[in-house]
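Chemist: Chain residues, written in single-letter form:
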Amino acid sequence: MLSNAEWEAILLSLRIAGTAVGWILVPGVALAWFMARFEFRGKALLDGLLHLPLVLPPVVVGYLLLVSLGRQGFMGQWLDQWFGITLPFTWQGAAIAGGIMAFPLLVRAVRLSLEAVDMKLEAAASTLGASRWRVFFTITLPLAFPGLLTGTVLAFARALSEFGATITFASNIPGETRTLPLALYTLIQSPGKEAAAARLCAIAILIAMLSLLISEWLAHKAKKRLRERDD
Amino acid sequence: MIDEPHDEPGLRVAVDKRLGDFSLKASLTIPARGVTALFGASGSGKTSLLRLIAGLDVPDSGVIRIGEQTLVDTQKGVFAPPHRRRLGVVFQEARLFPHYRVRGNLTYGMRPSARPRFDAIVSLLGIKPLLNRFPATLSGGEARRVAIGRALLTEPRLLLMDEPLTGLDGPRKQELLHYIARLARDIDIPIVYVSHDPDELIAIADHLVLLDQGRLLAHGRLEELLMRFDLTEYLGGFDAASVITATIAEHDHHYALSLLRLEDGQRLNIPLVDNPPGTTLRLRIPVRDVALALSKPEQVSYRNQLNTKIEQIGLVAGNKTSIELRLRIGEQVLRARLTRKSFDELRIKENMPIVALIRSVAFDTR
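Protein chains in written order, with our numbering: chain A, 7 to 237; chain B, 2 to 367.
Incorrect hints may appear among the rest.
[Claimed, not checked] No farther apart than 27 Å at their CA atoms in a straight line, the calculated lysine-lysine pairs in the DSS-like style are these: (1) B:Lys129 with A:Lys126; (2) B:Lys174 with A:Lys126; (3) A:Lys126 with A:Lys199; (4) B:Lys26 with A:Lys126; (5) B:Lys129 with A:Lys230.
Worth flagging that the hints you see were computed from the coordinates, not collected in a lab.
With the hints as constraints, model all of the structure from the sequences given.
Modeler: Rendered as C-alpha cells:
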C-alpha cells in the first residue's frame with residue numbers, strides 16, 4: 007500500500023519524534039516541577055527563555071543549533087574532538103531540533119497540571135513520613151498525570167511536524183533526516199509528484215488524528231481513575 | 002508547664018515566628034501524656050504553633066525538642082523536615098489522597114511494626130466498611146476518621162490535630178469527639194489538639210495552652226485553668242463551665258438515671274448512661290447551671306444537691322452584675338456564678354459552707 011520511501015519517512019519521523027520526547031521528558035518534568043513549586047529570582051527570565059523556541063522562527067533555532075553544535079560550533083567542536091560525536095546531518099541532530107522545539111509545550115502543560123495539584127496533600131504526605139521523592143512519585147505525579155499525558159502528546163506532535171529547525175540543522179537526507187514534513191516538501195518541489203504529495207499529506211493527517219485520539223482516550227481513562235466511581 | 006514530677010519529657014517548644022503583621026512568640030512544654038489543647042480565638046496563633054511543631058513552617062528563631070531529640074534549633078542550624086519527625090498530623094480538612102482507596106490511604110505511611118495493630122485501629126475508628134471506598138465517596142466525619150487512622154498507623158510519637166471537628170454538624174461532631182476521646186484513652190499517645198471551641202476542649206483536654214494574639218496567656222491542667230476567674234472571658238465567658246470527675250455507682254433503669262459517686266462520697270444523678278458501674282465519668286457543669294442555697298432545700302426539683310465550702314470569691318472583668326465563686330467539694334472544685342444582689346442577700350463569705358444545686362450536667366466518659 008505504501009511505498010518504501012513513504013514507510014522510511016514515517017518510521018524515521020516516529021523514531022525522531024519519539025527520541026526527542028524521550029530526551030526532554032525527564033528534564034522537562036523536573037523543570038516544570040521546579041517552576042511550579044518554587045519562587046526564585048529570575049523566574050520570569052527563565053520562563054521567557056523557555057518559551058523562546060515557541061515564538062522564534064524555527065529557522066533561527068536551527069541556525070543557532072548549527073552555530074553551537076555544528077562541526078565548527080563551540081560545543082560541536084568539543085563533542086567531535088572528545089567523543090567523536092557529530093550531530094549535524096544526522097537523525098540524532100534532527101531529534102535535538104525537534105526536542106528543543108517541543109520542550110516549551112511539554113513544560114507548559116506539565117507545569118500547569120502540577121500547579122493544580124493541591125500542595126496540602128503533599129504536606130500531608132510528608133507528615134506521614136514520605137520523603138520529597140516519594141511525595142513526588144506517589145502524590146504529585148499521579149495527580150498531575152492527565153496533564154503530563156497532554157504535554158507528552160503535544161510535544162510528540164510538535165517534534166513530528168518539525169521542519170524549519172530540522173532542515174537548517176540536520177538537512178534533508180533521505181533515510182537519515184528526511185522526516186515526513188521534509189519528504190512532503192521535497193515532493194512539492196519536484197514537478198509531477200502531486201499525487202505522491204497528496205498521499206503523504208493524507209498520511210500526515212492520519213498520524214496526527216491517531217495520536218490525538220489515543221491521547222484523549224488515555225487522558226479520559228486517567229481522569230476517570232482519579233475521580234473514581236461513586237459506587 | 003506541667004507540674005507532675007513523674008511526667009516524662011514531652012515536647013519542648015520555644016519559638017519566635019513573624020508572618021506579616023502577626024507574630025507568634027511562645028515558650029512551653031507539652032506533657033508526654035494525655036490531651037493538650039492549644040486553645041484560642043482565630044488569629045491567636047494556635048494553628049501556626051501546630052505547623053511549627055509539625056515542621057511545615059520554619060521558626061525565625063527557637064528550639065523544638067521532643068523527648069531527647071532536637072527537631073529544631075535555629076542557633077545550631079538544626080531543622081528536621083516533617084517526614085523525619087514522626088509526628089502524626091490530622092488536618093482540618095481530612096486531606097485524604099483522592100487516588101488511593103481508604104485502605105491505601107491508611108497504609109500510605111504505615112510502619113511495618115504497626116501492621117499488627119491495623120485491624121484494632123480500623124475497628125476502633127469504625128472504618129472497616131470503608132476500606133475499599135475512594136475518599137470522594139466518604140462523608141466529612143468518615144473522612145476525618147480515616148485521616149486519624151492514617152496518622153496513627155505511622156506510629157507517631159505525638160498526634161497533632163488541627164480543629165478536626167470543623168465543618169461537621171452537631172451529631173457528627175459528637176460522634177467524632179467520642180472517637181477521639183476513646184483514642185486518647187485506649188492508645189497511649191500524647192495528643193495536641195487545636196481548637197477554638199470551649200465545649201470541645203472541656204470534653205477531651207487534660208492540659209490547656211491558652212493563646213491570645215500570638216502570645217501565651219496561660220498553661221496548665223484544664224481543671225485548674227477553668228477555675229481561674231481571670232481567664233473566664235477566654236474560656237467561654239457566659240458559657241464557662243467546670244469539670245469534675247465522678248464514678249458510676251449504679252443505674253436506675255426505671256427513671257432512666259445513673260447514680261454517680263464523687264470521691265468524697267456525695268452523690269449525683271445524671272441521665273442514664275451506657276457505661277457499666279465503676280466507670281469514671283468526666284462531668285462538665287456550666288457555671289450558670291449551678292444555683293446556691295444556704296441549706297438543703299426541701300421540695301425543689303433540683304436532683305443534685307452538693308455540700309460545698311466557698312473557697313474563693315471573685316469578679317470577671319467586664320461583668321458588673323455577677324460574682325464568681327469557687328466551691329470546694331473534697332479534692333475537687335466547682336464554679337458557680339450569682340448576681341451581686343443575691344450575693345449580698347445571702348451574705349456570702351469565704352470558707353462558708355453552702356449547698357450547690359446543679360440543674361443540668363453534661364458529661365463525657367473518660
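Chemist: None of the hints should be skipped; say for each whether it holds.
Modeler: Hints, one by one, checked against the model:
Proposed proximity of B:Lys129 and A:Lys126 is supported: the alpha carbons are some 26 Å apart, at most 27 Å. At roughly 23 Å between alpha-carbon atoms, B:Lys174 and A:Lys126 fall within 27 Å of each other, so this suggested pair holds. In summary, the hint linking A:Lys126 to A:Lys199 is not supported, as the alpha carbons are separated by about 60 Å, beyond the 27 Å threshold. For the suggested pair B:Lys26 and A:Lys126, the alpha carbons sit about 25 Å apart, so the restraint of at most 27 Å is met.
With a C-alpha separation of about 25 Å, the suggested pairing of B:Lys129 with A:Lys230 holds against the 27 Å cut-off.
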